[in-house]
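Student: Chains as they are written, first to last, in this note's numbering: chain A, 1 to 291; chain B, 1 to 303; chain C, 1 to 223.
Hints are supplied without guarantee of correctness; some may be wrong.
[Claimed, not checked] Computed cross-link-like contacts, DSSO-like style, restricted to lysine-lysine with a CA-CA straight-line distance of at most 27 angstroms: (1) Lys49/A / Lys94/A; (2) Lys132/A / Lys148/A; (3) Lys94/A / Lys110/A; (4) Lys148/A / Lys174/A; (5) Lys49/A / Lys119/B; (6) Lys173/A / Lys132/A; (7) Lys291/B / Lys174/A; (8) Lys291/B / Lys132/A; (9) Lys280/A / Lys54/A; (10) Lys119/B / Lys94/A; (11) Lys102/C / Lys132/C; (12) Lys272/A / Lys54/A.
[Stated by the list, open to error] Some, not all, of what chain B presents toward chain A, calculated at C-beta under 8 angstroms: (13) Tyr185; (14) Leu190; (15) Leu192; (16) Gly193; (17) Ala194; (18) Pro195; (19) Gly202; (20) Val203.
Derived by calculation from the structure, the hints in this document are not laboratory data. Don't be surprised by glycine CBs; every beta carbon is placed ideally from N, CA and C.
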Amino acid sequence: MTQEDPVTQTDTMVNVAPIEIAQRRERPQSTAARETVFDIQNLSVSYGKAPAIKDVSFEIYHNRVTAIIGPSGCGKSTFIRTLNRMNDLVPSAKVEGEVLYHGVDLYAPKVDPVQVRRRIGMVFQKPNPFPKSIYDNVAWGLRVLGMKDNMDDRVQHALEQAALWDDVRHRLKKSALGLSGGQQQRLCIARALAVEPEVLLMDEPASALDPIATSRIEDLMHELKNEYTIVVVTHNMQQAARVADMTAFFGLEVLADKSRTGILVEYAETDKIFTQPADKRTEDYVTGRFG
Amino acid sequence: MATTPPNIDPRAAVLFQTDKRLRRRRIVNRLMEALGTLASLLAVSVLVIVVASVVKNGWSAFSVDFFTTSPSSSGFGTAEGGILPSIVGSFVLVLIATLVALPIGVMVAIFVSELAPRKLADTIRLALDVINGLPTIVTGIFIFSVLVLAQGQSAIAGGLALAIIGLPLVARSAQEVLRLVPSSYREAGLALGAPRWRTILGVILPTSLGGILTGTTLAIARVAGETAPLLFTCSLAITTSVTWDPREPVQSMPLTIFTSAEQPDPSFHAQAWATGAVLLGFVLIVSLISKFFLARSRRKLAR
Amino acid sequence: MRVTLQEDLDTLQASLLEEGELVLRALRGALNALREADAELADEVIAFDDEVDQRYLEVEQAIEALLARQTPVAVDLRLVLAMLHINLHLERMADYCVTIAKLTKLVAGLEPDSRMIQAFEEMGSRAEEMIKVALEAFVDRDVDEASSLVDLDELIDRANRRVVRQVLELDPELSEWGVRMLLVSRCLERIGDHAVDIGEQVAYLVTAEFREFTDASHPVQGP
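Only chain A is shown next, with the shape it has when bound in the complex (with noise of 0.2 angstroms):
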């Protein structure tokens, strides 16, 4: 970099790589242009009696990965099967308040559960592809949902986005339960991708994986947050302190009648959850002086 300088009037050179500057310049910045997708309102959740969650109020912004920590029991798998209406499969789930997605509430009763879940895809803990084959297992949610056109390029794109392609692309009609744990896993959000989400809800998605799998998901999601909009549970919060541009800690409130009940207790960019929490229930559970 030459320049013209009222202080020096002699040219300074630095060995200085320019591009590493621009692309620092070209992020984008946490807090700029945020856009949201989810307005949680006093979200309440219980199972029968038992109460799971309790007046969880936040948003979900757009293009950013979400992460939701906390100790075990605290609502996490809960919460987040909210936002896709999945708990509706189990008889007991109770939901109180409001989950706006672009404004429209997911449990208005006019609302059909299955359309929010083409919108609303999730990939769950253990990976489960269908036993069929590794096209088929991409395939099939365009069949059912009448995405037929282009079928072959609408596989290759889900697979590509997914980072599998070129793993699996002369063995499309093999088995897909002969892949590695991390490549199931990979196929599986291939498969929930393939469908055109907006959002992309991931339960614990590397819990079952080895390290470099983890990491090779991991990397995926900072990929991902570019097109969609990623919500990941997860347990170890050094991936929500790698991967997550924002982080809500939820933790645990024990009620009048000694039951205990998921609350959300701080929710900031991520950055600031680690350095500087502001509560200091996060700080005793980021540092692991929780319980």
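Use these hints to put chains B and C onto chain A, whose structure you have.
Tutor: Relative to chain A, chains B and C alone:
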């Protein structure tokens, strides 16, 4: 501080050379093994004895004609001709029974394991168990009163009676296999935005196909040999020619055994034994086929 | 893999090099102000230090966030710790430039000794060179290049000792000016020391051993 008593040699303790309790344990182990082997041999030998005596006694009646021609007389005098009508008739009856029991059994299984609320599912399961335990002659009489009194005997009536007997078998096997399908498949299908029935049809059912076929073949093996339900529904058949028409009563192998055994002439007795051998052979082949399907479906799900 | 960690490390290094760039500009400005006895330029150098301080703070906070979020280990950890120290040394060097500028303002109006001014120009160039070598050694992760800083520092140290003798030989009218210049000389010598410290961090980064190149408490007798 360690509290091991000082006079036990650790090596000897590990090598078990001086422990009297261990010797007794070994003897008991060997005894149980021997008893178990004996009991298994006993069970297998029963089968061997039955098969052997059937084959031995029916040997004289075996010939190509036995399988390909119809009896030439109406049952008096010596046996002439073969049991082709019985073979065909059994085939027709089993076919009708399968066509009725398979779809209904599968749908009941799907309903009970995927869709019904808990109490209803339990009730239906109980009902199926009761049907399974119904005396087959009662089933026969039931069909008789409902169908035969009005329309006369027919293969359809016999087939329906057999279907009732086979239904719980198909439903139970299908249920077992459906339960084996991991619920993660259902979750995955639903999370994609697929309606429930598509997930069942597209993922759950194909995965459990092997087990369903197993149940079906087991049911076939069972109903092929049933005699009592046919007594009132499908026993008055023309014995000298082959009938394919299901609206008419047809001959069947179990009934042939029954009637042939009642004949005075020993040649008929031999035919009865031989028909028994054919039935046994059929059951054996069908069992082997069902094992094949079961092994295949286990391999698909167990990875 | 660990794409975000690598991105963060690269960005941090780029920030640090930018800060080095700023320090070089500050030094050049201070030297020019000294040579021309330009009080206005000296004021600009003093004001410019705010930019360096701001960059220093940004790098500090970025390192804090990186340690908290990425939990680097092994060579990554040493890199982050080395950058933490280099950040500090750069900021101190900029502070010395401010001191030189303030001394320049103090002697405005006093008669300078042109021979010594020339000597300071040479010392200053040497210091500039040391900063550049230190930063290049860091970018290249080159221990030999870092070690060469010791010899360059020796030259500045000798020049510093000569300045003392020269000040003592000055005419009495120039003695106030001379005393101030003693401090200027010391500032330049300290800038050289900080450059050597940066070199030591580079060696630590590469070899995982922290070793001082020269130990002040065990001086090697020079010629």
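Student: Now, for every hint given, state plainly whether the structure supports it.
Tutor: Here is how each hint holds up against the structure:
1. Lys49/A / Lys94/A: Roughly 9 angstroms separates the two Cα atoms, so the pair holds.
2. Lys132/A / Lys148/A: With a Cα-Cα distance of about 18 angstroms, the restraint between Lys132/A and Lys148/A holds, given a limit of 27 angstroms.
3. Lys94/A / Lys110/A: holds, 17 angstroms
4. Lys148/A / Lys174/A: Roughly 21 angstroms between the alpha carbons, so the hint for Lys148/A and Lys174/A holds.
5. Lys49/A / Lys119/B: holds, 20 angstroms
6. Lys173/A / Lys132/A: Holds, at about 9 angstroms.
7. Lys291/B / Lys174/A: holds, 25 angstroms
8. Lys291/B / Lys132/A: Cα-Cα ~22 angstroms, so holds.
9. Lys280/A / Lys54/A: holds, 20 angstroms
10. Lys119/B / Lys94/A: Holds - the C-alpha atoms of Lys94/A and Lys119/B are around 21 angstroms apart, at most 27 angstroms.
11. Lys102/C / Lys132/C: Satisfied, since the Cα-Cα distance of roughly 24 angstroms is no more than 27 angstroms.
12. Lys272/A / Lys54/A: Holds, because 24 angstroms separates the two Cα atoms, which is no more than 27 angstroms.
13. Tyr185: Check passed: Cβ of Tyr185/B comes within 6 angstroms of chain A, closer than 8 angstroms.
14. Leu190: holds, 7 angstroms
15. Leu192: For Leu192/B, the interface hint holds, since the closest Cβ of chain A sits about 4 angstroms away, which is under 8 angstroms.
16. Gly193: holds, 3 angstroms
17. Ala194: holds, 5 angstroms
18. Pro195: holds, 5 angstroms
19. Gly202: holds, 6 angstroms
20. Val203: Since the shortest Cβ distance to chain A is 5 angstroms, the answer is holds.
Comparing the model with each numbered hint stated earlier shows that all of them hold.
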